[in-house]
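There are 2 protein chains.
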Amino acid sequence: MDPIRQNDFLLSRGFNRLIRMSLPKIDETHDPHLRTWVDGADGHTEFPLQNLPLGRMSLAGEETQACIAIGDFVVRLKNLLDCGLLSGDAEAAAIAACRPSGSAVVGLRPAHRVALRRAVSNLLRVDTAAGQRARQLSPQFLIEAAACDLHLPARIPNFTDFNAGIHHAANGGRRRGLKDPLLPNYRHLPIAYHSRASSVQLSGKPVFRPWGQWLPEGEEIPVFAPSRRLDFELELGIWVGRGNALGEPIDIANCADHIAGYCLINDWSARDIQSWESQRLGPFLGKSFCTTISPWIISPEALAPFRGPGFERGQDHPRALPYLEDPVDAREGMPQLQLSVLVSANPDSDPVLISRSHTRHLFWTPAQMLAHHASNGCNLQAGDLFGSGTITGDDPQSFGTFLDAPTPRFMCDGEQLILRAHAVREGYVSIGFGDCMARIEPAKGAK
Amino acid sequence: MDPIRQNDFLLSRGFNRLIRMSLPKIDETHDPHLRTWVDGADGHTEFPLQNLPLGRMSLAGEETQACIAIGDFVVRLKNLLDCGLLSGDAEAAAIAACRPSGSAVVGLRPAHRVALRRAVSNLLRVDTAAGQRARQLSPQFLIEAAACDLHLPARIPNFTDFNAGIHHAANGGRRRGLKDPLLPNYRHLPIAYHSRASSVQLSGKPVFRPWGQWLPEGEEIPVFAPSRRLDFELELGIWVGRGNALGEPIDIANCADHIAGYCLINDWSARDIQSWESQRLGPFLGKSFCTTISPWIISPEALAPFRGPGFERGQDHPRALPYLEDPVDAREGMPQLQLSVLVSANPDSDPVLISRSHTRHLFWTPAQMLAHHASNGCNLQAGDLFGSGTITGDDPQSFGTFLDAPTPRFMCDGEQLILRAHAVREGYVSIGFGDCMARIEPAKGAK
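Protein sequence lines, in the order shown, are assigned to chains A and W.
Those letters in the first sequence? Residues 19 to 465, per my numbering, in order.
Those letters in the second sequence? Residues 19 to 465, per my numbering, in order.
Keep in mind that the hints were calculated from the coordinates and are not lab data.
Do not take every clue at face value.
Restraint ranges, calculated between C-beta atoms of paired labels, are given here [to be verified]:
(1) GLN415(A) / GLU459(W): 45 to 55 Å
(2) PRO336(W) / ASP431(A): 24 to 34 Å
(3) GLY432(W) / ILE372(A): 39 to 49 Å
No residue lacks a Cβ here, since even glycine has one placed at the ideal position from N, Cα and C.
Chain A with its partners taken away, still in its complex shape:
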């Protein structure tokens, strides 16, 4: 054992471990009996009154602005402010979210974000006085989602991709013929790499099959040609809300305060480019041509009823080092999400479900990823995006990438791939993330 005892770090830095992680509580906004006056939003929707995620939208010729999804509509926050329907912390939150800064929507103080969601819930209810007043003014702030353009909810200063999907990691080891398919470091730290922030695109934008350098099978000289092994990766996205100063790590007990919310990520991967280039510094151009994310920031508050334990470590796995361990996080740090993958061969055909997975296959919680990322003093920034790593399950029908499928194949031109996530619990209204979707376009300039 090293003479520097591991716990010394936390103690010597003045961390008060008596202050344990606190996660959002279930309150009246989660009541399954709530009804809204917004047309159709009480029915089958991913965005019921219990969700209310933040995003950014624009109408033709107008500037983008912060908004909240409800059913098939969006609430425009600037217009809502103009109606004088908000006050106190909720008003402060809406004002902050409407600032032109790229991090305005993700960077809200947690207390403000909570207040805004509660106030908007109240305004959209059919049974409140505030709701009646808002309904009368609704032409000024409510607009059909289909009439809007959605945008990335924040400028993304840095995009970090983890590898916390344990079955995906193990499948990789098995493909390489390893006896123990997980590398020695895997169970001790959330493996990750810096990925490319500039090419993160919103759901719906086309993905052009990338050109790149790769080694045809059996050859010794690489070619520069369009990728033939274009693959998807199903990942949970984590939006960093509040950052930290360089040199100041974040106690895992405080990590929940730094998470603004969640989204879905399709971390497109050109396997031929990736396998040729990634020795020994990891993935680069095999990933950086495009990453697709879902448009809405699903808040920790909306997910309060849907939290559950992190990965059951059991006897097979070592205990996490103290800087990665928190009892509250272990008990309820993982958003429990049902994930699905759908494909349609072309824009006119109905999507077909090809796989189902679940966030319980993530070996590390979002808080553990965040605590690890900042543990060396690295300064996280508002709007930083984490990918969880590919969430493949433990049966053949739950692959998070074609590489892990029982019959591997790759994306064809014209195919459209959709990722979906739903939080479901008996006694609560289910919420969804919204589609993370993109269609593959042929490589530019290829014959």
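Guided by the hints, dock chain W onto chain A, whose structure is given.
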């Protein structure tokens, strides 16, 4: 050979390869006989009249602004504009450089940047009418560098670290006992990984020894403790000036237009953290705690007399694929720089030279790095920073990192490390990059 012929890419995309790369020409601004009226700036300085690099500075209580280095002074561009001493493209350049945008200084159009350097050269000359007028007004725009705070010259949206130092790459293979120390992909593409942009710091800022998870020798359970193997890495930095749209690669013949200039990078590396974490996705927290860069953007124009050929490939190495090959780049695409590494044990002791190296040990030119990076359609952005990779030479006295030194060791607390770069050619006035310096502070909270 793959049926898709490699050249097809360039032809089918409409690239006109008759337009070859054009690099800045040697002109009157490089005349070694030029003399300036600025005190001491004709003597032994890294910033003579022939250099004139851009940067960003501030005085106490004032906003940061764009500036140009001359001898021991800086020219403040906003104040120079206020004096009415600039016109035409030079004035347009100074106005653009003074915009509040984080990419203002790097994002100048090449023709504007050239005009500004030429105009400032003329204004600082002792033998021109413009110079006489400027000298009289100089109290308004010239200020001692020692009185200023320097800042990062641009916001860095993305930081990409290449591995183009061939001897460093080969040493790594030798340490791992490889028969051919270079991996099969090394000679075919500029290996790189996305690194952390947020923790890039200006020369002079302290570097705190990072905490992290690592595996003590002979142990099976990692510890979380301050790094004991803190190392430096000598790299050439490349500032991206103009970016490209997502999906639009950059022909290597046009790459010179996208490079705003050069700096020095010390890519600090915690070898114990790095070696434990980097299987299989590459470096992460072993690098992201801090990266130090030199303050000035040394322009392609200032380096015009100092260009030379890229790495001599000879018979040992395959020819680069067409998308990485340009005859002008091969002949003169590499800035020829003498590099040195100095250490002082504490702030009061004189720095001691410990190593000398040279950019001729880079296997790939800056244009090749840029063309490769954008070859999959990845969108580069103004202010993106590339690191060349560690520039170790081919003899024991030319290590670019302690790992490659004949007697490896690591950084001690309190030690200060300095990187320097000089361009030297007979018949021309030498120019320098300015120090890339930082001192190691003890790990925060460690006993």
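- Query: Does the Cβ pair GLY432(W), ILE372(A) satisfy 39 to 49 Å?
  - Reply: violated, 58 Å
- Query: Are PRO336(W) and ASP431(A) spaced within 24 to 34 Å by their CB atoms?
  - Reply: Distance hint for PRO336(W), ASP431(A) holds at roughly 31 Å.
- Does the Cβ distance between GLN415(A) and GLU459(W) fall inside 45 to 55 Å? Since GLN415(A) and GLU459(W) have Cβ atoms about 53 Å apart, the given range 45 to 55 Å holds.
The structure does not agree with numbered hint 3 stated previously, though it agrees with all others.
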